[in-house]
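Enquirer: Construct the entire structure; sequences and hints are all you get.
Chain order of the listed sequences is Y and F.
Residue 42 in my numbering sits at position 26 of the first sequence, with consecutive numbering throughout.
Residue 58 in my numbering sits at position 42 of the second sequence, with consecutive numbering throughout.
These aren't lab readings, by the way, just hints derived from the structure by calculation.
All C-beta atoms, glycine included, are put in the ideal place defined by N, C-alpha and C.
Hints may contain errors.
Unchecked claim - So these bits of chain F aren't anywhere near chain Y, every CB distance computed over 10 Å:
hint, residue
1, Arg-34
2, Glu-127
3, Asp-191
4, Glu-213
5, Asp-225
6, Ser-229
7, Lys-232
8, Ser-249
9, Asp-250
To be verified - The calculated label-pair distances, taken between Cβ atoms and stated as ranges, are:
hint, chain 1, residue 1, chain 2, residue 2, range
10, F, Asp-39, Y, Gly-118, 55 to 61 Å
11, F, Arg-258, Y, Gln-112, 32 to 38 Å
12, Y, Pro-138, F, Glu-218, 36 to 42 Å
Number of protein chains: 2
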Amino acid sequence: MKPIEFTTRTSSDGVLERDFVVDDVPGVLWSAETGPTGPLVLLGHGGGTHKRAAGMSGRAHKLVLDGGLSAVTLDAPAHGDRPRSAYDEEQVEIMQRLMAAGDPVGPVVEEYNADIARRAVPEWRATLDALQRLPEIGAGPVGYFGLNMGTAIGIPLVAAEPRIAAAVFGVFWHDSVAPAAKEITVPLEFVMQWDDEHIPREQGLALFDAFGSTQKTLHANAGRHKEVPRFESDSATRFFVRHLLS
Amino acid sequence: MKPIEFTTRTSSDGVLERDFVVDDVPGVLWSAETGPTGPLVLLGHGGGTHKRAAGMSGRAHKLVLDGGLSAVTLDAPAHGDRPRSAYDEEQVEIMQRLMAAGDPVGPVVEEYNADIARRAVPEWRATLDALQRLPEIGAGPVGYFGLNMGTAIGIPLVAAEPRIAAAVFGVFWHDSVAPAAKEITVPLEFVMQWDDEHIPREQGLALFDAFGSTQKTLHANAGRHKEVPRFESDSATRFFVRHLLS
Chain Y
17 MKPIEFTTRT SSDGVLERDF VVDDVPGVLW SAETGPTGPL VLLGHGGGTH KRAAGMSGRA
77 HKLVLDGGLS AVTLDAPAHG DRPRSAYDEE QVEIMQRLMA AGDPVGPVVE EYNADIARRA
137 VPEWRATLDA LQRLPEIGAG PVGYFGLNMG TAIGIPLVAA EPRIAAAVFG VFWHDSVAPA
197 AKEITVPLEF VMQWDDEHIP REQGLALFDA FGSTQKTLHA NAGRHKEVPR FESDSATRFF
257 VRHLLS
Chain F
17 MKPIEFTTRT SSDGVLERDF VVDDVPGVLW SAETGPTGPL VLLGHGGGTH KRAAGMSGRA
77 HKLVLDGGLS AVTLDAPAHG DRPRSAYDEE QVEIMQRLMA AGDPVGPVVE EYNADIARRA
137 VPEWRATLDA LQRLPEIGAG PVGYFGLNMG TAIGIPLVAA EPRIAAAVFG VFWHDSVAPA
197 AKEITVPLEF VMQWDDEHIP REQGLALFDA FGSTQKTLHA NAGRHKEVPR FESDSATRFF
257 VRHLLS
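Expert: Here it is as structure tokens:
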């Protein structure tokens, strides 16, 4: 495997952002501009967004500045700067058509995101290998934080990857990810929307119930699919501080 | 009404504790030893405990030291330093017998706690009147935080008392408190135990669902009835800071 290649380097508000590529997958490493690089949290973005979307940048800044942690984002397969196949284009078109018509989109999202997850899991593991070879990072437990498609990728990743010691998931359907969820035993925070217009409440509750972890907390907020409150990112930061720094 | 009478005054770890009596109800006011008295949070204790139980003291210290708030606890009717009637003694005996036998205790707790709440609500309102006449406290929105019996008292109190602007409830059955819960519209955090051996999961979820508030968050933790994690007190402190100080 080729070593990690850093390309550009910028900083804002005390957070250093370094673009990198591992095996043609582009990512960003977010860390404190001064002082040591804290334990890593892998941030998985949602469907249709990318490694530098506002939500990723916002979570990375909180993790670094409020938590003393560092963060890494990748463009998921078929997202951001990465190519889409004809199959990807077709799936996106089907999802958009269903959403526009107000029809249930769950079965299509679950199947397509499972396909993306199969591609993404080895990419995350290779990125973690490459980052942990850097002396400033080194070995040690890391966290994973991803909602929506970030959960569809994260559940099989955390089930397979023993270096991930704590995870924040949420806002996803039950059936396609439940078998891997049952294998997960690390501490979890799970976020769902109580009035989600796409994901039936019972499926969110059933997915939380499915995880094998003995330490798990459900955070259900009143509101619709896209209305996850900003304070859940603060809560996730404190969760990772509890599990990665104390 | 008689003014508030302060009796003893002690302090520990930077928190001033002042015992007081309002209309024969004993309470404790917890505030910063130095600096201003922050907005008040009313703390309702659980069944069988009292105004100085470890949980009350711990929450009060967090609210004062981490949140810049102040806190007040009262002995609930038939608790702590207060007299128990023959009816109270009988109810406690019935509950203890049911618990020892492993029989469902919910219906008895709900009925007895509803009786205690009818007595406690006017006491809390009189205490709030008396405290807000103190220049160091004054008028302004306050919070309410109580689990178990503290929720049985708190739900009718918050439904009736417009000065309470935010509340943390949890770990209680649905039926007896649902009518008052529907009338509550202030921001809420609601705590339940996912594996509660006394309160069926469906009842906790149904009570969360019943609240009229548009801003409400459910925190469900894996674990049994008495295993609410300590970090929920930290979360409650931040919740009150968001709603009473910003």
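Enquirer: All the hints need checking, so say for each whether the structure fits it.
Expert: Outcome of the hint check:
1. Arg-34: holds, 32 Å
2. Glu-127: Given a closest Cβ separation of 29 Å, the condition holds.
3. Asp-191: holds, 21 Å
4. Glu-213: Consistent with the label, Glu-213(F) stays out of reach of chain Y, its closest Cβ about 16 Å off (over 10 Å).
5. Asp-225: Given that some Cβ of chain Y is not farther than 10 Å from that of Asp-225(F), nearest at about 8 Å, it is violated.
6. Ser-229: violated, 7 Å
7. Lys-232: Check fails; 5 Å does not lie beyond 10 Å.
8. Ser-249: holds, 13 Å
9. Asp-250: Per Cβ check, Asp-250(F) is inside 10 Å of chain Y; nearest 8 Å; violated.
10. Asp-39(F) with Gly-118(Y): 55 to 61 Å: holds, 58 Å
11. Arg-258(F) with Gln-112(Y): 32 to 38 Å: The hint (32 to 38 Å, Cβ to Cβ) holds, given that Arg-258(F) and Gln-112(Y) are roughly 36 Å apart.
12. Pro-138(Y) with Glu-218(F): 36 to 42 Å: holds, 41 Å
Hints 5, 6, 7 and 9, counting from the list given before, are not met by this structure.
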